[in-house]
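*Asks:* Chain by chain, the residues run as shown.
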Amino acid sequence: MTPRPSPSIIRPPSSPLAVGERGVIAGFTQADYASSLMAMGVLPGSTIEVKRKAPFGGAVYVVIDEQMLALRLQELEAIVIDK
Amino acid sequence: MSVSLSATRNFRLALIGNPNSGKSSVFNRLTGLQQRVGNFPGVTVEKKVGSYQLNGQEINLVDFPGAYSFYPTSQDERIVVQTLANPQDQNYPDAVLYIADATRLEKHLLLFTQIRDLGLPTVLALNMADMVTDRGLELDTKTLAKQLGVPIVLVSSHTGEGFPELDQQLSRLMETADTTKAETFYQLSAEEKTMVKGLGTTFPDNSAYQNLLLAHHYQWLPHLNDEQRSGIGSQLSGFKSLHHQVDETMQRFDHFTPIIKQSTSRSTASEENSFSDRVDRILTHRLFGPIIFLTLMFLVFQAIYAWANYPMDGIDWIFGQLDDSIKTALPAAWYTDLLTDGILAGLGGVVIFVPQIAILFFLITLLEEVGYMARAAYMFDSLMQFFGLNGRSLVALISSGACAIPAIMSTRTIANWKERLITILVAPFISCSARLPIYVVLIGFAVPAGSGDGFFNRQGLAFMGLYLLGIFAALGTALFFKYVLKSNERSTLMLELPEYRQPLMRNVGLNVWEKVKSFVVEAGKVIFVISIILWVLASYGPKQKMLAAEEQAQTIALEQSLDETATEDLAASLKLEASYAGHMGKFIEPVIAPLGFDWKMGIAIVCSFAAREVFVGTMATLYSVGSIDLDDDKKTGIIERLAAEKDPITGISTYTPARAMSLLIFYVFAMMCMSTLAVVKRETNGWKWPVIQFVFMTALAYVASLAVYQLMS
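Sequence order for the protein chains is A and B.
FYI, the numbering used here numbers position 16 of the first sequence as 17, with every residue one higher than the one before it.
FYI, the numbering used here numbers position 574 of the second sequence as 563, with every residue one higher than the one before it.
Isolated chain A, as found in the complex:
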């Protein structure tokens, strides 16, 4: 395994997904969100689908590579998505 130059995964924001929409993760807008989301398995190349909104708003229920996650809206917005 040869180490490869790290990809530039810190990118400008994309338009966020609406409920029911799917996309592929391209990167993140900020390094601190990137670090903690990637540790949870939210990676560039993962598929993401926004399933539903939380009862009182503010957060969404997403499925990322078959894994269910609860994210706040600003956390979702920190994920850069290719639709």
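These are calculated hints, taken from the structure and not from any lab test.
Worth double-checking, as some hints may not be accurate.
[Stated by the list, open to error] Just a few of them, taken from the derived set where beta-carbon distance is under 7 Å, the chain A residues facing chain B:
(1) L18
(2) G21
(3) V25
(4) A32
(5) D33
(6) M39
(7) L44
(8) G46
(9) A55
(10) P56
(11) G58
(12) M69
[Said to hold, decoys possible] Cβ pair distances, simulated, as ranges:
(13) B:K131 to A:G46: 24 to 30 Å
(14) A:Q31 to B:I522: 58 to 64 Å
(15) B:F469 to A:Q31: 27 to 33 Å
(16) A:R12 to B:P247: 21 to 27 Å
(17) A:G46 to B:K182: 23 to 29 Å
(18) A:R12 to B:K250: 22 to 28 Å
Backbone N, C-alpha and C fix where the C-beta goes; we use that ideal spot for every residue, glycine too.
Got chain A; can you put chain B on it based on the hints?
*Replies:* Positioned in the frame of chain A, the structure of chain B alone reads:
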């Protein structure tokens, strides 16, 4: 790398894995009842240590908090890196048993590769083997083991499959030291290499990766001293920790993802967690979700009240029998009185509430095990944010319904300090199981049982009301602190929602057993001592005053021509007032009199600062010393004792609704728990917050009780 093991010490195996990997289930299956709970040094993160026999050798298994990476986002997660980065740490393991979810391998191996880069001998257990075929997955563990360089075992903590093989692999690891091939998963970048070389002159024993971790975490790692900290800091000009973390994480995934892909195949199309998703369509629905949650909480607390009655009657009966048989077996002497009226009365007052505590912990653990609590945190996150809290605070607040101490400890999963502090400050307002005994005893006096008592009886509703009052106090206080405290720290939710699973009764049972045991043992110890001291203080007093009390009783008896039993009762009552305990109670009476409390309640309140549940034990002891005017079969019942308590001269019942309600309100708000204050001190690193908490809670309790008593009487 070899496993060096001194003959005097047991083999230490660390159990590590991501949250939701089923780590605790594996721990429970391996150790069963052979486990004890402690704390990691310096912090209150719960440390479970279990012992486990393998080939006649004892293994100490240490259960670490679930973590995703060596780059922690919460206090809880820090424990893993802080222990493994320091070989001198008292919990530093001889080897690691890493648990990963077999159905989610590509998400669960990041931390594993980091541990391997530290060179720790590791066995990889792939849990949830029973789900692998259901998901249409096929795992080639041989290839995987070869590529990852560690022994791999497929296990299921639900069915028990794979555990014999796990034993084999673990004993091989213990016998032959490390059989695993060292594999480097992360190649340090040129910049990192230069920097780590510099640190190597200060820390020559450390591996390159250990020094890299020092560079990332030197500011908080507890084993470093200030000198080392500034030394490391001076060498790190321009080191952007976050960017290096991201690059390292990316490279690790790039390394192991192809390995997993090679050894995994999918025969059928995955169902895409359709079951959990379908359930969540209802359970986290924008309207039904919160309704279902509130209904569940209502049922939980109704269940406690309804189900616990039968076992409680049983325990009451047993203590009554014990009391009788001791009194018949032993001669009437001071030590018989001490044993029955002192110790037995005090302990009975505690043991009787075990059913309620067990039911509460049982239901809360069940909800947690099924995976519902994470959904609750998700649903209420924005509402919690309105109050300056986090969705995770909800889980802590619900646990507070059992006990504030584990609740406060569980706030370590909240990364944001302000949200965490507010959760800690308001959690004790939620009525804990130690208040249950008090509520149960007093509610009967405050709210007389009405007609039409069924499932939704009036006392049950009053009970619910007390809980709601605690919740409102918690939220109101949280709102206050939200505006008072300032913080610019990032706040996150980022919560994994685990698949719904049938709960493992072993996990639930062990958790309930552990909590009940610690309640009985810890509370029992305190109550035992306090019961004895109280009995002495209540039975003896200044000689002259005691004699005077006796004489006064005789005089009144003559005047009112009382019969023999009534005279004895009156004498006992007056003597209690003349005793040392009576003097102490009288001393504080002026302060609490406006709340409607007499000196007996004063003594009980002061004693209950050791722990709330002592209140009932204290009352039981005080009243068994004072009153004998009871039917034989009701001798030990604390409720009957209070009901029989009358003013010795006027004959009016002491426990009027106003007085009982005032006491209830006092206990809803008051910070009557030394242990909680001690934990808050430890969690907030100082006396500032526990003192603030104690003052505002007690002040609120005093004012509220005053208002209630003055309005009702």
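*Asks:* A separate judgement is required for each hint: does it hold in the structure or not?
*Replies:* Verification of the hints:
1. L18: 17 Å, violated
2. G21: 13 Å, violated
3. V25: Violated, about 15 Å.
4. A32: 4 Å, holds
5. D33: 6 Å, holds
6. M39: 5 Å, holds
7. L44: Holds. Min distance 6 Å.
8. G46: 9 Å, violated
9. A55: Holds, about 6 Å.
10. P56: This hint holds: P56 (chain A) lies near chain B, its Cβ roughly 5 Å from the closest one there, short of 7 Å.
11. G58: 5 Å, holds
12. M69: Holds: closest Cβ of chain B sits about 4 Å from M69 (chain A), inside 7 Å.
13. B:K131 to A:G46: 24 to 30 Å: 27 Å, holds
14. A:Q31 to B:I522: 58 to 64 Å: 59 Å, holds
15. B:F469 to A:Q31: 27 to 33 Å: 32 Å, holds
16. A:R12 to B:P247: 21 to 27 Å: 24 Å, holds
17. A:G46 to B:K182: 23 to 29 Å: At 28 Å between Cβs, range holds.
18. A:R12 to B:K250: 22 to 28 Å: Since R12 (chain A) and K250 (chain B) have Cβ atoms about 25 Å apart, the given range 22 to 28 Å holds.
In summary, the structure is inconsistent with hints 1, 2, 3 and 8 from the numbered list given earlier, while agreeing with the others.
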